[in-house]
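Q: Spelled out, the chains give:
There are 2 protein chains.
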Amino acid sequence: MSDTLVNLRDIRFVLYEMLDVETLTKYDYFADYSRDTFDIVLDAAYKLAREVCWPSYAEMDRIGASFDAKTGKTSVPECMHRIWQAYKEGGWGGETAPVEVGGQQLPACVAAATSLMFNAANTSANMYVAGAGGAAGLILSFGSDALKKTYLEKLYGGEWGGTMCLTEPQAGSSLSDVKTTAVKASDGDHYLLTGTKCFISSGDQDLTDNIVHPVLARIPGSPPGVKGISLFIVPKYRVDDDGSVGEFNDVVTAGIEHKLGIRGNATATLNFGDSGKCRGWLLGEPNRGLTYMFQLMNHARIGTGLQATSLAANAYQHALQYTRERLQSRKISEKDPTSPQVPIIKHSDVRRMLLAQKATTEGMFALLAYAAYLGDKERCSPDETERLAATDILDVLTPVCKAYGSEASYESIVLAIQCYGGYGFSEEFPLAQMLRDCKVFPIYEGTNGIQAMDLLGRKVVMKNGVAFKAVLDEISKTVAEAAQIEPLKDMAGKVAAALEAVGDVTGHLAGIAMGGDIELYMSAATPYLRMFSRLIISWLLLWQATLAQKALEAGTGEKNFYQGKLGAARFYLGNELPQLHATAQILKNGERTALDFDEACF
Amino acid sequence: MSDTLVNLRDIRFVLYEMLDVETLTKYDYFADYSRDTFDIVLDAAYKLAREVCWPSYAEMDRIGASFDAKTGKTSVPECMHRIWQAYKEGGWGGETAPVEVGGQQLPACVAAATSLMFNAANTSANMYVAGAGGAAGLILSFGSDALKKTYLEKLYGGEWGGTMCLTEPQAGSSLSDVKTTAVKASDGDHYLLTGTKCFISSGDQDLTDNIVHPVLARIPGSPPGVKGISLFIVPKYRVDDDGSVGEFNDVVTAGIEHKLGIRGNATATLNFGDSGKCRGWLLGEPNRGLTYMFQLMNHARIGTGLQATSLAANAYQHALQYTRERLQSRKISEKDPTSPQVPIIKHSDVRRMLLAQKATTEGMFALLAYAAYLGDKERCSPDETERLAATDILDVLTPVCKAYGSEASYESIVLAIQCYGGYGFSEEFPLAQMLRDCKVFPIYEGTNGIQAMDLLGRKVVMKNGVAFKAVLDEISKTVAEAAQIEPLKDMAGKVAAALEAVGDVTGHLAGIAMGGDIELYMSAATPYLRMFSRLIISWLLLWQATLAQKALEAGTGEKNFYQGKLGAARFYLGNELPQLHATAQILKNGERTALDFDEACF
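Residue numbers (our numbering), protein chains in the order written: chain A, 1 to 602; chain B, 1 to 602.
Just chain A, with the same shape it has in the complex (with noise of 0.2 Å):
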């Protein structure tokens, strides 16, 4: 067992002195806080996060969230309950949130860290806050008065408990097809929904009076498509006047999946209305529920990165312990057997496989952190050439955190598993948890091959590529500044070279698509998001590579972390990076075996 879940003093180099974010005190938005009050905020989550939630963690997947067939009750283990309270008294549903609402009214860069500590902690438990911050977070945005006075207290107050309601059995990723069903009622101002939704997270549990879900519906009549969606407040009982937890509302948990990861939390399939009676609330327009729930998807899809990210960065922590600990063979220079073992850490084999762990989880902290900065930004800064500024870097980066941050995790965790040997393997070690609750992270909250189709087919084309160029010439900077520091010159061309092949690549494939052939264009999705993926990362790390230059160049101590950093990024540009000139080429070849592929021949 590792002592540490997360390294403190690496998020407190990514917030302090990579983003510096105490600038962003001066939006009034963030005036109360200062860094001694971040400082207080981060102490105790991690507290929490250490001292409640991790112990936890083993058991809420060897108990899981159960469902009883015959009551149709969904319940949660125990050590839920206890953690619930724990997050409640502490205010930690609403972090971001506006005060007046309950909130902390938190930089979300700042949540994002407390979010890495949570779910390094426990990601199964963290589901269920997250799940009720999300569902508030929409009623804010886009509910009417009654709406939020009816909600926004009780989820963010960890009262009530929230989920997103989009998939249906026939329409997985294709919410296109989605078909439940919204019919004005004839006697008030709601709607009677009546549909299946499944695979929803935090979908049902026995932790609070009530369970918010927005759902995704059509209204008779709507055009057909993604265009004739709405968004639908349903609570599983409906809300008295005096705000009450009311009558039964008809939402009828069906079953829970029995799943390789998160079992701690119950991924429910709800079926809305069979007896004709749910009731459900109009958000904001008709018709415009799509919008609306990609603001909840876009913060879901950063938290996904962050879950995947939080899972890794406690793994790397525990084979750093591991193979600190663990003796086993010599150097292999050492002839004598009779020599005493060495710690395996002491096996370049071994450093190679942490080095990556260190660089893919600190690059994609440092991403995660840096989106979230973006977010505050976007909701916080007066200057409106700013705030879209930042809009476009944050829109371009989205996919990057989701589908890179859950495929490199997964991959980085098998690398501790490995560093573990047998070990890793014995579910007696909290690594084949963490491997197994990571699965989940490449698929939902949209698929990996969503992510590379929305990077691909909508980000780097928006606005005419303005966005996608911000975000190069972002990296630009970076690089100019490294080039200017002597030891960093070759990393920064590196990172150079690398921004050419992806301008390169993005200019040939713009190419393809203006010749419409859209499908090939398309097919290149999926590599091209790895590749510049890769690019993202690279850049992010030299960033901290030039900051940490520069912190041992001014003798300002702390000599081992900052040449860590140092380390790490040139791992990743000597051994990562590479990989992007080959499907840099391979894209160039115009690649089509699998897009002409017949399928009959497989």
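Hints are computed from structural coordinates only; laboratory data are not their basis.
Be careful, since some hints might not be right.
Said to hold, decoys possible - Selected chain B positions facing chain A (in silico; Cβ < 8 Å):
| # | residue |
| --- | --- |
| 1 | K47 |
| 2 | S176 |
| 3 | K179 |
| 4 | I586 |
| 5 | T593 |
| 6 | F602 |
Stated by the list, open to error - Covered stretches of chain B (chain A as the covering partner; in silico rule of three or more C-beta atoms under 8 Å from a C-beta of chain A):
| # | segment |
| --- | --- |
| 7 | 57-70 |
| 8 | 337-347 |
| 9 | 422-431 |
| 10 | 435-446 |
| 11 | 565-572 |
Beta carbons are placed, not taken as given, at the ideal position from N, Cα and C, and that holds for glycine.
Fit chain B to the known structure of chain A by using the hints.
A: Relative to chain A, chain B alone:
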């Protein structure tokens, strides 16, 4: 659920079209066989795999092997007893063993095909059979007549089980540090063993009356390190002179592992001689134990590659069937949201994932069958030159079979899960279990790091590089043939370029080794193995493509099958092979970040 476990057409392609295994029947050892009788064996194996082993796949996992600490008894799931009985009745315990000791005297390459079926169906179950066969193989090769008489027929006939006992808690990968001792008894032909072995597959069970453990141990006074290790045959129960099971031999099961996968197989910790009564019989000569054990280990390494490939092959068949049936979304060019949804195999990103699985699993099976075929030549050819040539190539390919087989298969199953979407994460479908089962293969039978060191540190340099060069020469032959066939010229060129790059890097690394920097040389081992493996798979797929192209030109029918072969080769060469060049560049750059990184900086 897929209707097929593995692609039977592909198995026949590899055996009959690629390896032309009928020619093996010219050797005395296989003289009683023909293609017809091979086919009978294959059909019978598939029937057993499909009808007996596969239906219990989930149950083996759900119930798992169990250990009762009070009684010290290990139990296997009830279904395993039925499976064992079926294996026994079919005489599957000694497929490649001589008829006179109860074997079927089959070529190992045919047994590789049946092994693919058995492991695809239920790998935990097959491990019990493989364990007995492995122990028997050691006795067959190195045992005295008395040991052979006592054990062989019982082991091959499924009366008794078997294991291999190498690992000790303080000496995982470092066999040099084995501490189990064996002291010559004063009153007989046996030794008295004392020590603990852990992670012993099939280490205990209630299937058979006895379990035969080949155990690595030290005779006091032997040289330190690997040169002082001897091999002993240690039965769980002593065998009386009439061959019946006698007194308990003081082999105590301390417990079994609670594992991520292969849960139906009992992975035991065994205490030998706690009461000073554990008798072992020396196999062969003292201090040559590791040499003997390597025969079994090499066999087991190919077997591990087969286990992994089998799971990936089955997962691929599942993904194929699922993606053909699952309707979701539309072609990108279809803008009408009311048009019907299409099977997801119509999406190029899904075909990309399927082609990656097809290329990997078919390429790996070709490698494994080829390795087994070389083993057949090594064992049975009357021509010494041919035998030695086969040994050389087999030695070089063995670490690729194990390490790349386990890694690439795992990645292939990850893709199959991605094809399934949310259902891939559900334990109601078999893919999640396949993923869990497959995770052990990069770890056991020598971690993949050990395999990489074996390849670069031993196999590449053995016999002054002659064995390694023999492999490159075989590749050159295939390239030269393909280059003569117009539609394959491009692919031949790609493999030729890869061959050159590998030769180049190998020379570069040899220079480093000769310059004395062995630590830098060996730090390249893992990327080197991956690079070399991609060359090997590319070669075998090109070989297959050559046969496919000829078959198409000859108009022998089965056009889809042969087009599929061409597509798989083209896909792998177009999408996987380019990574070889990236790795080659990394190694030529002299990447040494991991080697030089100070562990205090993590």
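Q: Each hint: holds or not?
A: Evaluation of the provided hints:
no.	hint	result
1	K47	24 Å, violated
2	S176	5 Å, holds
3	K179	12 Å, violated
4	I586	5 Å, holds
5	T593	4 Å, holds
6	F602	5 Å, holds
7	57-70	violated (count 0)
8	337-347	holds (count 6)
9	422-431	holds (count 6)
10	435-446	holds (count 7)
11	565-572	holds (count 3)
The structure fails to meet hints 1, 3, 7 from the earlier list, while all remaining hints are met.
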